[in-house]
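Q: Sequence:
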Amino acid sequence: MLRYRRYRVFVFFAVAALLAFYHFSGSSEWDASTADAVRQKLGLKNNGAPPQGAPAPITPGSEKQEPLPLEVPAAENPVAKIEPPPVPKVEEPEQQVPPEHHGGKPGDSTPEPATEKGESKEADKLPEHVPQDLPGVDTQDPLIESPDGRKEAPPPLASNSQPRWAKPKEKFPVSPESIIPLPTDAPKKLPKIQHTFEKENGAQKAKRMEQLGSIKEEFLHAWKGYKKHAWGKDELKPLDGGVHNPFNGWGATLVDTLDTLWMMGLKTEFEEAVQTVGKIDFKTSPRSDIPLFETVIRYLGGLVAAHDVSDGKYPVLLEKAVELAEVLIGAFDTPNRMPLVFYHWMPAFASQPHRAPNRVVLAEIGSLSLEFTRLAQLTKEPKYYDAIARITNAFDEWQNNTRLPGLWPINVDTSGCKRPEFHSNTFSTDGNSVVAQLGSDFEPVDENAKLFPFLSSTSEEKKFEEDTKSGKLASPDTLDEEKSTEESKFVKDTDSGRLASPGEPASPSSLGAKTDKTKTSEESKFEKDTKSGKYMGSTNPEDGKSSMEKRQPAGTDKEAADMVDALTSGVTDDEPAEKKEKVSAGKGETPTKTISVTRPHEVEPMGAPAASASLLDYPECKPNGLASTSDYGSEQFTLGSMSDSMYEYLPKQYLLLGGNVDQYRTMYEKAIDVATDKLLFRPMLPNDRDILISGDWYVTGNNGFGNNDGLVATGSHLTCFVGGMYGLGAKLFDRPKDLAIAAKLADGCVWAYEVTGSGIMPEMFETIACEDASNCAWNETKYWEALDPYESSRQQSYQMSMEAYKSELKAYETKVKSMANENTRKVNALSEAAAKANPSSDGAKEDLRERGDGEDEKIEKRQLVDASTGPSAAGAGLEDMITTLGTEHIYKPVEPEPPLSHEEFAKTHIKDNRIPPGMVTMRDKRYILRPEAIESVFYLHRLTGDPHWRASGWRMFQSVIRITRTDIAHAAVSDVTNPESGQVNSMESFWLAETLKYYWLLFSDEEEWSLDEWVFNTEAHPFRRTM
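So for the sequence shown, full-length UniProt numbering puts the first residue at 1; every next one is plus one.
These are calculated hints, taken from the structure and not from any lab test.
It is possible that some hints are incorrect.
Said to hold, decoys possible - Computed list of lysine to aspartate or glutamate pairs in EDC-like fashion (alpha-carbon distance at most 20 Å, straight line):
| no. | residue 1 | residue 2 |
| --- | --- | --- |
| 1 | K622 | E397 |
| 2 | K205 | E1006 |
| 3 | K199 | E897 |
| 4 | K670 | D631 |
| 5 | K678 | D690 |
| 6 | K911 | D788 |
| 7 | K907 | E780 |
| 8 | K228 | E217 |
| 9 | K192 | E1007 |
| 10 | K188 | E669 |
| 11 | K892 | E808 |
| 12 | K737 | E832 |
| 13 | K169 | E381 |
| 14 | K188 | E780 |
| 15 | K167 | E271 |
| 16 | K907 | D734 |
| 17 | K678 | D772 |
| 18 | K216 | E271 |
| 19 | K815 | E832 |
| 20 | K892 | E1006 |
| 21 | K192 | D788 |
| 22 | K892 | D967 |
| 23 | K806 | E897 |
| 24 | K418 | D631 |
| 25 | K228 | E271 |
| 26 | K169 | E397 |
| 27 | K216 | D967 |
| 28 | K167 | E323 |
| 29 | K192 | E780 |
| 30 | K189 | E791 |
| 31 | K188 | E897 |
| 32 | K670 | D386 |
Stated by the list, open to error - Computed Cβ-Cβ distance ranges for the label pairs, DEER-style:
| no. | residue 1 | residue 2 | range |
| --- | --- | --- | --- |
| 33 | S818 | G710 | 34 to 42 Å |
| 34 | V894 | V827 | 27 to 35 Å |
| 35 | M209 | A348 | 42 to 50 Å |
| 36 | P686 | V816 | 26 to 34 Å |
| 37 | D673 | K782 | 25 to 33 Å |
All C-beta atoms in this analysis are idealised placements derived from N, C-alpha and C, irrespective of residue type, glycine included.
Please work from the sequences and hints to get the whole structure.
A: In structure tokens form, the structure reads like this:
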């Protein structure tokens, strides 16, 4: 029977849930009507769900020259010829445009860009979801720079709602007489760079042409996939035919591949692509910011190079380059002309003054020179060169003053402002102390009295100050309200040290920590550092400075912004002054007289009045050059990721300018000398192969924890470009030793390809650096120590576990004996109790046994039941003993297994993780179709003429194609140590723009695209040298 009173709560909730379900199941009409209302308010059309869009388809000297006698150990041991993997025959697509063209001649309409699934082709159709950027409004925080250049662009808005870039008035213009002019002197006679090759015989040419044809087939396979599935989009997804738009959706792969098409002789495809490029609109984008570095090297570099390689026959290419450059030049409009590396182009942001960021990746700001310089040469417009020349000057000034003089750290403060030396009372509630700290030049501005009326000399202000000084703290509701008991206790505890005051560390008692008089060395040091001001308030782990003290002029001062919000929360201009006074004068606060200094991201133009809207005090920006992002955190110096093209562009810029600016040579040679000394190392290998790898060097800051500077023996695919850079610099600046270094660096990457299961190098790995590069015999014991650095601690842990086990085992045995004795006692007590409860039971049972009538078992059962359920006191005790007897369980401790031996652990690690001999670990096992290794192989071939490099490059090509080819194009690989690991649905634009181009150039005629006539940017785009 259901008892209603017991289940009434459940019944109530069941009814409520049923009603709620009924109510909300009919709310779809409300959603539709609301969506229509929103569309009408925004002025957008409602055309229904977008349909599924179908994607649209000068010769150097002719004297002969012998190959340079460089020692490349791997070349001395000839490698058996490896036949190319069976590659399906790819028919060259017909030289015609997709069906939408209805033809294919230049001038005809170009194919519509491929649309993503669910994306409408009609420009005025509303996307299904709410757009990320409302018309004319930058919904992203403009003060925080995006950390990644690759960011998926949202679907575009309707054409009548999409914001458009408008050229803003410069806030910090450069006067005409201050513009750094483009060097116009005749180019100097520079050393010959490329090796002079002998004429090949018929057999050699036939083999080379066959290899060249295989490379072209693979290029066409990937290009055909892009053309069919992702035409006009940034990237193709090679596994499912989808699209990816990480670079503003302007067609990165299309622009990036233009010069490759021309260089391979695919003129029809080139012209078709040019037609589509002419329709790109660089003045708008569904993405609210422009990644300056990626846009310059891919788009601007691609357009300028396509113009150069085609001899200027297609004017639209230079026109589009200028269109894009005019948008990008706005990023340099800062007080020190250092660019905003993530440029928010929308008028609402671009029209305001801004400072450069205080944390920028080195390569992002140092790799803009080639593209803007070549554009300046073509257009005769000096402002493009001026923009990058100022960056070069800034790095030149800083080069000898970094923590590793000669090299620059991977992160740079480009704000141009010195970090002020704030003290603990910088944000004191005493306004006079703030003025004293900021200097006599700072005076309060009367306009702040309009924003904070309680700062004026009124009777209320005097009363407030008197009450505050006397300890009568004002509450948010009334100035006369007494403190609550809890608040008084808090203030008392704070004064006594039990609770930490703002900006001070909490006492141990307040945290429930130990309060022993004896402190560890770490605690004493922390206390000392705290008193000295190293740790204050919310501490930044990098530099030990309070987040409130730290100057962040790049607009990333989130803490300061939070303070502004806290100071102004609940206060509006429409509210009466009395309420503003109450809100602003919180408990425990003394009114601060605000100094009107602009916030770091709100840079006032010269001659403009003081910013009355600034609610928080900031010191003036004291001019400063480039600087470290922190004085306390460690810094990384490398030629690899985040730094690479900064160094790569120094000799190439010298070449492009015809040797007329010695500054680039000086900066390069300073950097390369330090890099050779600190970053290059020889890895310890089983076969003693003499190669070099470029690693990372870390320098600690002024953190008081000692000096931990040193090399980290890492290798990465991205760093493989250094072989080519060393080789180019060696020939250009007459540094013959560097050419030998270049060969060993390039061969180091060839080695990394050869030792993996797939024949492809991983993204990142670690090795053991030889202490002596000239004498580095294989040491297996040292190798195992690197593979198993915690062998001793593992053994110690095992010994501790064994000691604990023995102790637990002894306790277990004692407990077992104790329980046995206790159970014996209980059994005896049970027998005695049973006898007392039924004295005649034993005699009766004995009589029955003698008679043998078979009723003994029944009598025993009955008697036990009677004894256990009887009402006597003895029976009650018996019941307790029966209940508790044998119910306590204990478990025998498990003996710990002995750990693997040093050798066993190392071998297991190698086997399970597929670690090649010589590598210690692999931080990243992917291959993302990178070009850097084959880039250096190409350079060493062109610089030395050694056939070793072509042979190595062919084996690399075979391995790459074997594992990356898909039915649509080519895909990245998740694990190069396991060919069966699977592919990644990604094909970045540099696969067609760089990787396959360098393979093509390695086997092409050396007189074509000679290094004595062309300069390649970091995206492999060739710029014509001025001769």
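Q: Would you mind marking each hint as holding or not holding in the structure?
A: How the hints compare with the structure:
For the hint pairing K622 with E397, the CA-to-CA distance comes to about 17 Å; that is within 20 Å, so the pair holds. For the given pair, K205 sits about 12 Å from E1006 by alpha-carbon distance, which is consistent with the 20 Å threshold. Proposed proximity of K199 and E897 is contradicted: the alpha carbons are some 69 Å apart, above 20 Å. Distance check on the hinted pair: K670 and D631 sit about 23 Å apart at the alpha-carbon level, beyond 20 Å; violated.
Only pairs whose Cα atoms come within 20 Å are accepted, and K678 paired with D690 is accepted, the gap being roughly 18 Å. With a CA separation close to 14 Å, the supplied pair K911 and D788 stays within the 20 Å bound. Pair hint K907 plus E780 holds up; C-alpha atoms about 11 Å apart against a cutoff of 20 Å. Straight-line distance between C-alpha atoms of K228 and E217 comes to about 16 Å, which keeps the hinted pair within the 20 Å bound.
A hinted pair counts as satisfied when its Cα atoms are at most 20 Å apart, and K192 with E1007 qualifies at roughly 13 Å. Between K188 and E669 the alpha-carbon distance is near 19 Å, which keeps this suggested pair within the 20 Å criterion. Distance restraint check for K892 and E808: the Cα-Cα separation of roughly 8 Å lies within the 20 Å cut-off, and the hinted pair is therefore satisfied. Distance hint between K737 and E832 is unfulfilled; the C-alpha atoms sit about 102 Å from each other, more than 20 Å.
Between K169 and E381 the alpha-carbon distance is near 18 Å, which keeps this suggested pair within the 20 Å criterion. At most 20 Å may separate the alpha-carbon atoms for a hinted pair to count; K188 and E780 exceed this at roughly 53 Å. Between the alpha carbons of K167 and E271 the distance comes to roughly 30 Å, so the proposed pair goes past 20 Å and is violated. A threshold of 20 Å between alpha carbons decides the hint, and for K907 with D734 the separation of about 47 Å lies outside it, so the pair is violated.
With a C-alpha separation of about 13 Å, the suggested pairing of K678 with D772 holds against the 20 Å cut-off. Under the criterion of a C-alpha separation no larger than 20 Å, the hint pairing K216 with E271 is consistent with the structure, at around 18 Å. Between K815 and E832 the CA atoms are separated by roughly 26 Å; this puts the pair beyond 20 Å, and the hint is violated. For the given pair, K892 sits about 78 Å from E1006 by alpha-carbon distance, which is inconsistent with the 20 Å threshold.
Using a Cα cut-off of 20 Å, the hinted pair K192 and D788 is violated, with the two alpha carbons roughly 50 Å apart. Restraint check for K892 and D967: not satisfied, since their Cα atoms lie roughly 60 Å apart, outside the 20 Å limit. Taking the CA atoms of K806 and E897, the gap is about 13 Å. The hint holds against a cut of 20 Å. Of the pairs offered as hints, the one joining K418 and D631 holds, with about 12 Å between alpha carbons and a cut-off of 20 Å not exceeded.
Proximity of K228 to E271 is assessed by CA-CA distance (about 17 Å); at most 20 Å being required, the pair is judged to hold. With a C-alpha separation of about 30 Å, the suggested pair K169 and E397 falls outside the 20 Å cut-off, and the hint is violated. Restraint check: the Cα-Cα separation between K216 and D967 comes to about 17 Å, which is no more than 20 Å; the hinted pair holds. With a C-alpha separation of about 11 Å, the suggested pair K167 and E323 falls inside the 20 Å cut-off, and the hint holds.
For the hint pairing K192 with E780, the CA-to-CA distance comes to about 45 Å; that exceeds 20 Å, so the pair is violated. The suggested pairing of K189 with E791 is violated, with an alpha-carbon distance near 61 Å, which exceeds 20 Å. A threshold of 20 Å between alpha carbons decides the hint, and for K188 with E897 the separation of about 74 Å lies outside it, so the pair is violated. Between K670 and D386 the alpha-carbon distance is near 24 Å, which puts this suggested pair outside the 20 Å criterion.
Look at S818 against G710: about 58 Å separates their beta carbons, and that is not inside 34 to 42 Å. At about 31 Å, the beta-carbon gap between V894 and V827 stays in the expected band of 27 to 35 Å. The hint said 42 to 50 Å for the Cβ distance between M209 and A348, and at roughly 57 Å that hint is violated. Checking the proposed 26 to 34 Å range against P686 and V816 shows it is violated: the Cβ atoms sit about 55 Å from each other.
Evaluation of the 25 to 33 Å hint for D673 and K782 yields a pass: the beta carbon distance comes to about 30 Å.
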